[in-house]
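My request is simple: use the sequences and hints to build the entire structure.
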Amino acid sequence: MTLRIALAQTAPRLGALDDNLARHRELLEEARAGGAGLVVFPELGLTGYQLQDLAAEVAMRLDDPRLAALAGATRGISAAVSFVEESGDHRLFIAAALLEDGEIRHVHRKVFLPTYGLFDERRFFAAGDVVRAAPSRLGVGVGIGICEDFWHLQMPQLLALDGAQLLLNVSSSPGRDLAARNDVGLGTATSWRTLMRTYAQLTTSFVVFVNRVGVDESITFWGGSEVISPSGEPIFSAPFFDEGLYLVDINLEDVRRERIALPLLRDERLELQARELGRIIAERAGLATDSTAEPGAEPGLDVAAAPAPEPIRLRSRRRRAATR
Amino acid sequence: MSAARPLPMDEAGRPLFELPDELAIDTDVARRVIAGFIRGQLRQAGFERCVLGLSGGIDSGLVAYLVSEAIGAEQLLCVLMPYRTSSPASRADAETIVAALGCPSELVEITAMVDGYFGRDGEAGAGGAGVAEATVVRRGNFMARTRMAVLYDRSVSFGGLVVGTGNKTESLIGYTTLFGDNACAFNPIGDLYKSQVRQMAAAMGLPRQVIAKAPSADLWPDQTDEAEGSFSYPLLDRILYWRVDRRRSTDELVTMGFERDLVERIERLVATSEFKRQVPPVAKLGPRTAGVDYLYPRRRPGSSRT
Chain Y
3 MTLRIALAQT APRLGALDDN LARHRELLEE ARAGGAGLVV FPELGLTGYQ LQDLAAEVAM
63 RLDDPRLAAL AGATRGISAA VSFVEESGDH RLFIAAALLE DGEIRHVHRK VFLPTYGLFD
123 ERRFFAAGDV VRAAPSRLGV GVGIGICEDF WHLQMPQLLA LDGAQLLLNV SSSPGRDLAA
183 RNDVGLGTAT SWRTLMRTYA QLTTSFVVFV NRVGVDESIT FWGGSEVISP SGEPIFSAPF
243 FDEGLYLVDI NLEDVRRERI ALPLLRDERL ELQARELGRI IAERAGLATD STAEPGAEPG
303 LDVAAAPAPE PIRLRSRRRR AATR
Chain X
822 MSAARPLPMD EAGRPLFELP DELAIDTDVA RRVIAGFIRG QLRQAGFERC VLGLSGGIDS
882 GLVAYLVSEA IGAEQLLCVL MPYRTSSPAS RADAETIVAA LGCPSELVEI TAMVDGYFGR
942 DGEAGAGGAG VAEATVVRRG NFMARTRMAV LYDRSVSFGG LVVGTGNKTE SLIGYTTLFG
1002 DNACAFNPIG DLYKSQVRQM AAAMGLPRQV IAKAPSADLW PDQTDEAEGS FSYPLLDRIL
1062 YWRVDRRRST DELVTMGFER DLVERIERLV ATSEFKRQVP PVAKLGPRTA GVDYLYPRRR
1122 PGSSRT
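Just so you know, the sequences run in chain order Y and X. Heads up: the first sequence runs through residues 3 to 326, numbered per this note's numbering. Heads up: the second sequence runs through residues 822 to 1127, numbered per this note's numbering.
Treat the hints as calculated values from the structure; they're not laboratory data. Hints are not guaranteed to be accurate.
Unchecked claim - Computed footprint of chain X on chain Y; a stretch qualifies when at least three of its residues, placed anywhere within it, have a C-beta under 8 angstroms from a C-beta of chain X:
no.: 1; segment: 16 to 25
no.: 2; segment: 47 to 56
no.: 3; segment: 171 to 181
What the hints assert, rightly or not - A short, non-exhaustive set of chain Y residues, derived as facing chain X with CB atoms under 10 angstroms:
no.: 4; residue: A13
no.: 5; residue: F126
no.: 6; residue: V186
no.: 7; residue: E219
no.: 8; residue: F238
Ideal placement from N, C-alpha and C gives every residue a C-beta, glycine not left out.
Right under this line is the structure:
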């Protein structure tokens, strides 16, 4: 079964929700006209990334009529869109929703919020607590991760084990670490490509990576969206920095072929992983002693520090007198 | 890959400048990012034009080339602002750049403005008799701030944003005048070390003499950056790169072969100039304070003038 995927490598306008909603509608129609069954938009494509205090001003509840209207435009097509979601108890999440046939089919709240280096997400957003693959009208399970979510091994693994065969990563990745000794001239891009191809191979799933372009404040987003086959081969790589809607055909049968030939998922040892994780969690919480550590090792280290040299003892007369 | 491009040579077949290995960048990617950055800043602010002060040196020259590449030379106003002691060669180089780009330019001599404050030929200026003995540093700072005032005035008349031309090296060591040459609406080269500025300038085809000449603030005759600071840019750039970008400690730098005295001197320059790289602090009194807990992007819906 062939699926045509439209990668919407857009440049959202910062804080301009209405403009971005309109642009999403246009691109949805363009993708539909191009025969796409799925269109994937980048992280915070409806709001822009560097929101800071604007986050609360552009947030939408899941019952927001603007979101419903966008979902209404998805009859006969699937779309992954990303926005700021406000929960009933007024937490703000970076969310991505799978919209299908007029409905919100699934919502993923970003689990890993980078708050280091140039990132400050935890200051403005709450972290999601749930990882689930979702069924889709496309006939395969879909797993959604948002940017940093896929810098943690367990995310693509959990999604694949939960039934996803199509892993979507929607991103706002800032380009940085310009380097000449690098095949694409950009350190960030090389790291992403390495990771996404590895996940596709290890989960024997399709990985669709959609990264935005454009500029927010100091930051330039590099694009370079990709579709990667279950064998880890890139099927399509979008250009860096160019805005565009890129159509890519994939054969969903490739998942079966790869999983028969390379039954990695079949051989995963979930009970072993759960058991060892349970042990590590208990040990890290101080509820059990670290069973793999040498005696005397500090918490979090398995190896004890080398013994310090014997201190030189001062043998003063007074000391001797005191000890007698 | 642009790093594989040979460096430009002088008549004797020596490279025009030294480019340390670890500092080499992919200049094609950098040009791409910077052009998009310039267009993005203008779009978000609702402007279509830029203004910059063109000294004839490599930094402002490179920015002029980058802005021209991003938005077209006709949208860039280069303002030449010599003082009476400024090097005629600098002005000639600036004129060469203007001619090569075909951008509009204006000449604003700042001599009368600066001498009007400090006085001249025994006549006291507006600054009073006491300023006649002012040090070259005071005079240099005043010149830099006078040029800033001219640029922000021309920003209104030309309808363009003032583009910064300071590089990462001089920003990190604080070799800039606060609210003078570091005043700008945005800076496209502020994250490029001097060596990388030279690499970019070579890739973009700036005039050879502009790339090859000794960098100078040209605030007094025969001033050069490297003589004033007694360092060489490639060495300074390497130390800053390993210390700042790659987070190496002083001891690690010494182990790598850098001189401890020099490393420590540079660290002091970086620390003492921290204030020049940051927005001045506001005394926190109210519930919400700009820059502290009122945090908005500079450009957001409604912030564009158009």
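Three or more residues of the segment 16 to 25 of chain Y near chain X by CB distance under 8 angstroms? Since three or more residues must qualify, the claim that chain X covers the segment 16 to 25 of chain Y holds, with 3 doing so at under 8 angstroms.
Please check whether F238/Y passes as an interface residue: C-beta within 10 angstroms of a C-beta belonging to chain X. Cβ of F238/Y sits 20 angstroms from chain X, so the hint is violated.
Status of the A13/Y interface restraint (C-beta, 10 angstroms, chain X): holds (8 angstroms)
Grab the minimum C-beta distance from F126/Y to chain X and call the hint holds if it beats 10 angstroms, violated otherwise. holds (8 angstroms)
Going by Cβ atoms only, is V186/Y closer than 10 angstroms to chain X? holds (8 angstroms)
Are there at least three residues in the segment 171 to 181 of chain Y whose beta carbon sits under 8 angstroms from a beta carbon of chain X? Per the Cβ count (3), the hint holds.
Verify the coverage statement for the segment 47 to 56 of chain Y against chain X, using a C-beta to C-beta distance below 8 angstroms and requiring 3 or more qualifying residues. n = 5 at 8 angstroms, threshold three: holds.
Against chain X, run the beta carbon of E219/Y and see if the smallest gap drops under 10 angstroms. holds (6 angstroms)
Figure legend: structure checked against the earlier numbered hints; the only hint not met is number 8.
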